[in-house]
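Chemist: With the hints as constraints, model all of the structure from the sequences given.
Residue numbers (my numbering), protein chains in the order written: chain C, 8 to 346; chain Z, 8 to 346.
Among these hints, one or two may not hold up.
Same chains, same names: a pair is fine if it fits in one copy or spans any two.
[Claimed, not checked] The list that follows gives simulated cross-link-like pairs (lysine to any residue, SDA-like), each with its CA atoms no further than 25 Å apart:
(1) 223 / 63
(2) 223 / 270
(3) 210 / 270
(4) 334 / 21
Simulated from the structure, these hints should not be mistaken for laboratory data.
There are 2 protein chains.
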Amino acid sequence: MPQMNRQIQLASRPTGEPGHANFRLVETPLPEIGDGQVLVRNHFLSLDPYMRGRMNDGKSYAVPQALDTVMGGGTVGEVVATRSPAFAVGDKVVGMGGWQEYARVDAGLAGMLRKVDTRHIPLSAYLGAVGMPGVTAWYGLVKLIAPKAGETVVVSAASGAVGSAVGQLAKARGARAVGIAGGADKCAYVVDELGFDACIDYKAQASLGALSAALKDACPAGVDGLFENVGGVCLDAVMLRANAFSRVAMCGMISGYNGQPIPMAAPQLILVNRMKFEGFIVSEHMDCWPEALAELGGGVASGKLKYRETVAQGLENAPEAFLGLLKGRNFGKQLVQLL
Amino acid sequence: MPQMNRQIQLASRPTGEPGHANFRLVETPLPEIGDGQVLVRNHFLSLDPYMRGRMNDGKSYAVPQALDTVMGGGTVGEVVATRSPAFAVGDKVVGMGGWQEYARVDAGLAGMLRKVDTRHIPLSAYLGAVGMPGVTAWYGLVKLIAPKAGETVVVSAASGAVGSAVGQLAKARGARAVGIAGGADKCAYVVDELGFDACIDYKAQASLGALSAALKDACPAGVDGLFENVGGVCLDAVMLRANAFSRVAMCGMISGYNGQPIPMAAPQLILVNRMKFEGFIVSEHMDCWPEALAELGGGVASGKLKYRETVAQGLENAPEAFLGLLKGRNFGKQLVQLL
Numbered sequence: 008m009p010q011m012n013r014q015i016q017l018a019s020r021p022t023g024e025p026g027h028a029n030f031r032l033v034e035t036p037l038p039e040i041g042d043g044q045v046l047v048r049n050h051f052l053s054l055d056p057y058m059r060g061r062m063n064d065g066k067s068y069a070v071p072q073a074l075d076t077v078m079g080g081g082t083v084g085e086v087v088a089t090r091s092p093a094f095a096v097g098d099k100v101v102g103m104g105g106w107q108e109y110a111r112v113d114a115g116l117a118g119m120l121r122k123v124d125t126r127h128i129p130l131s132a133y134l135g136a137v138g139m140p141g142v143t144a145w146y147g148l149v150k151l152i153a154p155k156a157g158e159t160v161v162v163s164a165a166s167g168a169v170g171s172a173v174g175q176l177a178k179a180r181g182a183r184a185v186g187i188a189g190g191a192d193k194c195a196y197v198v199d200e201l202g203f204d205a206c207i208d209y210k211a212q213a214s215l216g217a218l219s220a221a222l223k224d225a226c227p228a229g230v231d232g233l234f235e236n237v238g239g240v241c242l243d244a245v246m247l248r249a250n251a252f253s254r255v256a257m258c259g260m261i262s263g264y265n266g267q268p269i270p271m272a273a274p275q276l277i278l279v280n281r282m283k284f285e286g287f288i289v290s291e292h293m294d295c296w297p298e299a300l301a302e303l304g305g306g307v308a309s310g311k312l313k314y315r316e317t318v319a320q321g322l323e324n325a326p327e328a329f330l331g332l333l334k335g336r337n338f339g340k341q342l343v344q345l346l
Numbered sequence: 008m009p010q011m012n013r014q015i016q017l018a019s020r021p022t023g024e025p026g027h028a029n030f031r032l033v034e035t036p037l038p039e040i041g042d043g044q045v046l047v048r049n050h051f052l053s054l055d056p057y058m059r060g061r062m063n064d065g066k067s068y069a070v071p072q073a074l075d076t077v078m079g080g081g082t083v084g085e086v087v088a089t090r091s092p093a094f095a096v097g098d099k100v101v102g103m104g105g106w107q108e109y110a111r112v113d114a115g116l117a118g119m120l121r122k123v124d125t126r127h128i129p130l131s132a133y134l135g136a137v138g139m140p141g142v143t144a145w146y147g148l149v150k151l152i153a154p155k156a157g158e159t160v161v162v163s164a165a166s167g168a169v170g171s172a173v174g175q176l177a178k179a180r181g182a183r184a185v186g187i188a189g190g191a192d193k194c195a196y197v198v199d200e201l202g203f204d205a206c207i208d209y210k211a212q213a214s215l216g217a218l219s220a221a222l223k224d225a226c227p228a229g230v231d232g233l234f235e236n237v238g239g240v241c242l243d244a245v246m247l248r249a250n251a252f253s254r255v256a257m258c259g260m261i262s263g264y265n266g267q268p269i270p271m272a273a274p275q276l277i278l279v280n281r282m283k284f285e286g287f288i289v290s291e292h293m294d295c296w297p298e299a300l301a302e303l304g305g306g307v308a309s310g311k312l313k314y315r316e317t318v319a320q321g322l323e324n325a326p327e328a329f330l331g332l333l334k335g336r337n338f339g340k341q342l343v344q345l346l
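Modeler: Encoded structure:
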């Protein structure tokens, strides 16, 4: 085992768009473990849009990431040292190890570390389809949108870790699934590989009106449910196609993460169409995780629930991969493999 | 009984702000009644903001008002001729008689006409606190906001027929009630007569920031529920004070009724604060009316639920009163007494 750990810290807070200068790669001594603790070698680090919000100091749902400390984040890895009776060396685990190669974990605290079974599900999937993004998709779709067979569900960022699961879960419930994604390749994947009924390339639409017209073609019976990951024009366009009593699960608004205004053009449609909007954070609904993970894990193990990963290699490439994620350069779940 | 009826018809659709030219006063023959029908002499006509939406041709929740026909609207009155076993001459009734002195009603159709008891409740109250506005307040507050004791509820257009009931119903449930109204006299009434904890005069606030600051003073523990009648800056300001898991009942957006854009400035707050927004129309929730009317009627009969009326005199003054309502010139429920 090496003597040193490597980690990425938050060096400064971004003004507007973040950049490499906001991150710092540091070497720190490998932590020693005490009673009840384990040392985990992280194999994969999850990069997620919510991390952008934590880089700011302002009010948000997540506590701000502290400066000069390791960036927080979900990880999967392997126990390499243990002083906890609950974990053995070699156990595969999922936790919040952060942007670093090794993490010391208080194994006794509820929810800190969970042993996972990699016989039928790849380890990395526990950061995506069978992890937080998958449960996020499941909660918003099943609990908030609750589509009936024959209804139409639209999801933005459709090729992403959350969006790809939303559409497939909607299809499994007999709904029509329509994606919005950036680029022809992503749209082709969403329809051809994931089985959505249609996918609209928002980058190919010149205006709100054009996007709304494309949605009209893709959703001939209107929109009954929207799983919103993007906000801005995407949200405005879908609202123009919303049916009476439609439901919007507000999961993310990545279009506004750098502080630019993203007004909702026509909130009166909430009233006109008797819509229901609900913002949520999946970590506040832990009671739903077992049911969600059972469906998601079964889907991945059987091959029915498909997903795609973009894997950056090496901790030092995590900032670049994260900045790319914020620009939509990833394709599916963005991971960093820690070598 | 006279030979002629008088009614106000929709003469043309407004472009932007409506005016007198959009209405026409006509004399028509008094209708003859057939089997199962009754003739009602309308005593009071209800004027309501939703009528503005029906003057437009565009998509809204209500079917557009047809041109060259009598303006629709709620009325209370007295049966003056009957060929229905369910109604006797002299019965006091509430229905949708429209902007006219006499209305012929198919008494057998469910929901068309309801006999009311005026021993303890004034006839006109069935158009306000014990009618559609009262049930609107009740449904949005009780079913959508569902305040717990100690929570803070804000309502815009607080001195109006709906808003005044919202705050009083919230107080009865142990919540803090804060109003937003236009003018010092309305605010004084809301606090001194209706018993709200505070009321903010939005006309005295120069900017979104000033209104938000005033809300901070009036809602020291933040806002848990918003009953929205106005939209625009009022909504934006309250959203800046919203607590986690706050609920917004979207009832009206009178600030945008003439077609001007009323964007929501910061929809990301729905996500950040895990808010729930729900648009509703009270006529789609008829199952709640009995429970709501029982509480509202009891409150009015006992004098606990207070309300105020502005009463225009004579059918010919209905358009002027309606135009004034849209500008907030009324104080409490706007009625027209048909002489």
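Chemist: Now look at each hint and say whether the structure bears it out.
Modeler: Here is how each hint holds up against the structure:
no., hint, result
1, 223 / 63, "between (37 Å within a copy, 23 Å between copies)"
2, 223 / 270, "both (22 Å within a copy, 22 Å between copies)"
3, 210 / 270, "both (20 Å within a copy, 23 Å between copies)"
4, 334 / 21, "within (15 Å within a copy, 45 Å between copies)"
This entry satisfies every hint, going by the numbered hints stated previously.
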